[in-house]
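There are 2 protein chains.
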Amino acid sequence: MASMTEKRFHTPREAETAFYAAFIKRDVDAMMAVWAENDSISCVHPLGKIVTGRAAVRDSWESIFRNSPEMQFMITERSRTQNGEIAVHVVEENIRTKSEPPSAPVQVTNIYRLTETGWRMIVHHASPASQPQKPESKTLH
Amino acid sequence: MASMTEKRFHTPREAETAFYAAFIKRDVDAMMAVWAENDSISCVHPLGKIVTGRAAVRDSWESIFRNSPEMQFMITERSRTQNGEIAVHVVEENIRTKSEPPSAPVQVTNIYRLTETGWRMIVHHASPASQPQKPESKTLH
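Top line first, the protein sequences correspond to chains S and D.
Under this note's numbering, the first residue of the first sequence carries the number 501, and numbering increases by one thereafter.
Under this note's numbering, the first residue of the second sequence carries the number 501, and numbering increases by one thereafter.
If we strip away everything but chain S, and leave its shape as in the complex, we get (with noise of 0.2 Å):
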């Protein structure tokens, strides 16, 4: 086990901050501890089938970061919604590298829960914005 950084983030924004910190640095271990301490966290990266548990949430971070130059990103927050304990963030991620020319806007659904460590991120759900010119793989809805 790595030793993880125990951080407690007091708001929903503090969580997000650090999950994009640990993003850009691709350090797994800062990433794994905004995640939630429970194995009902669910991660849909870009094209991906959805992830859950700590340990394949954790494994699908690591191929990412290994795969991945050095990032850049600026985040566009669309809507916020917030009851006690819940709070979701639909945003749009615009992600730019030095060497790549821009991607296509990442749409992104993360939802952070209220726990006894603090605001910890259950849900990341990102996908890409691009309609196909001519669909190779058909989707219906």
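I should point out that these hints are in silico values taken from the structure, not numbers from a laboratory.
Don't take every hint at face value.
[Said to hold, decoys possible] In the DSS-like style, the derived pairs of lysine-lysine whose C-alpha atoms are separated by at most 30 Å in a straight line are:
1) K525(D) x K549(S)
2) K549(D) x K525(S)
3) K598(D) x K525(D)
4) K549(S) x K549(D)
5) K549(D) x K598(D)
6) K507(D) x K525(D)
7) K598(S) x K549(S)
8) K549(D) x K598(S)
9) K598(D) x K549(S)
10) K525(S) x K598(S)
11) K549(D) x K525(D)
12) K507(S) x K525(S)
13) K525(S) x K549(S)
It should be emphasised that the depicted structure is a prediction, and the values quoted were computed from it without experimental measurement.
Knowing the structure of chain S, use the given hints to seat chain D on it.
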């Protein structure tokens, strides 16, 4: 204004059942009766951009219903979280039609909120799971 069925959904699951019933019937009024009556609702259709607000969400469903054939849904629940007023369902949709070959499963985050008129949808985020052989639109994350 079309007349709306003023159904009250007593649980998130009742709202979800009504959501897929409206989807199968391609009934925009029934669909919008599932969504919360406020403009922070948001919807991401597969490969689409975030759509926010009732008017835009309604338009998006009208456009989908106009262009889609008769469909059958098989829904597999992958994770469910609920606190007092917000419920998060992460599900996989397998969609079948009479005329088309099976499409890639759709990965979905559905979020419901307890409002004065019962449980209503506030977020629907759907994305196709398909790892393209050769990515034509670069996605970095």
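Taking the hints in turn, this is what the structure says about them:
1. K525(D) x K549(S): Holds, because 27 Å separates the two Cα atoms, which is no more than 30 Å.
2. K549(D) x K525(S): holds, 27 Å
3. K598(D) x K525(D): Measuring from Cα to Cα gives roughly 15 Å; hence the hint holds.
4. K549(S) x K549(D): holds, 19 Å
5. K549(D) x K598(D): holds, 28 Å
6. K507(D) x K525(D): holds, 16 Å
7. K598(S) x K549(S): holds, 28 Å
8. K549(D) x K598(S): holds, 25 Å
9. K598(D) x K549(S): holds, 25 Å
10. K525(S) x K598(S): holds, 15 Å
11. K549(D) x K525(D): Holds. K549(D) to K525(D) sits at ~24 Å (cutoff 30 Å).
12. K507(S) x K525(S): Judged against 30 Å, a Cα distance of about 16 Å means the pair holds.
13. K525(S) x K549(S): holds, 24 Å
Hint check: no violations occur; every hint is consistent with the structure.
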